[in-house]
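**Student:** Sequence:
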Amino acid sequence: MTDALMVDNEDEKKTKEAMGAGDDQFKRRQAEIYKIDMDHASKVLKQIEEEENRAIQSINETPAQKAAKRRKLNEEVKDLKQHLEIMPDKDYDVYTEATPLARKVPV
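Residue numbering for the sequence shown is 1 to 107, as defined by UniProt numbering.
Do not take every clue at face value.
[To be verified] Listed below are the simulated PhoX-like cross-link pairs for lysine-lysine, each with C-alpha atoms no more than 25 Å apart in a straight line: (1) K35 <-> K46; (2) K27 <-> K13; (3) K81 <-> K69; (4) K46 <-> K27; (5) K14 <-> K27; (6) K81 <-> K66.
In case anyone wonders, no lab produced these hints; they're calculated from the structure.
Could you build all of it, start to finish, from the sequences and the hints given here?
**Tutor:** This is the structure in structure tokens:
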């Protein structure tokens, strides 16, 4: 009987040691997962703060700044329209004459 108890005690020690090693691995893995979660949470918070800052900046813009921005956009539209003009054809067909904004260089 004592032999059976000794074998049981040895088996219990081995299983406890195996569980202890598993616990260490489990704890390390949990720590890695926690770090990944915290990194993700900090990125999300940073994005939210950036969006709030952009919203605050657009609210704080003066009407003069808004008008200047609108004028700049209108000038860009005029420039782009100059590169693309619709020209009537002799047969009253409409075709588009476009000037490419960038040219490909043959390799």
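**Student:** Taking only the CA atoms, is the gap from K81 to K69 under or equal to 25 Å?
**Tutor:** holds (19 Å)
**Student:** Run the distance test for K35 versus K46: straight-line Cα separation, threshold 25 Å.
**Tutor:** holds (16 Å)
**Student:** Between K14 and K27, is the straight-line Cα distance small enough, at 25 Å or below?
**Tutor:** holds (20 Å)
**Student:** Is K81 close enough to K66, meaning Cα to Cα at most 25 Å?
**Tutor:** Satisfied, since the Cα-Cα distance of roughly 23 Å is no more than 25 Å.
**Student:** Hinted pair, alpha-carbon criterion (25 Å max): K46, K27. Please report holds or violated.
**Tutor:** violated (28 Å)
**Student:** Next pair to validate is K27 with K13; report whether the Cα-Cα distance is within 25 Å.
**Tutor:** At roughly 21 Å apart (the allowed maximum being 25 Å), K13 and K27 satisfy the hint.
When the structure is compared with the earlier hints, a violation turns up for hint 4 alone.
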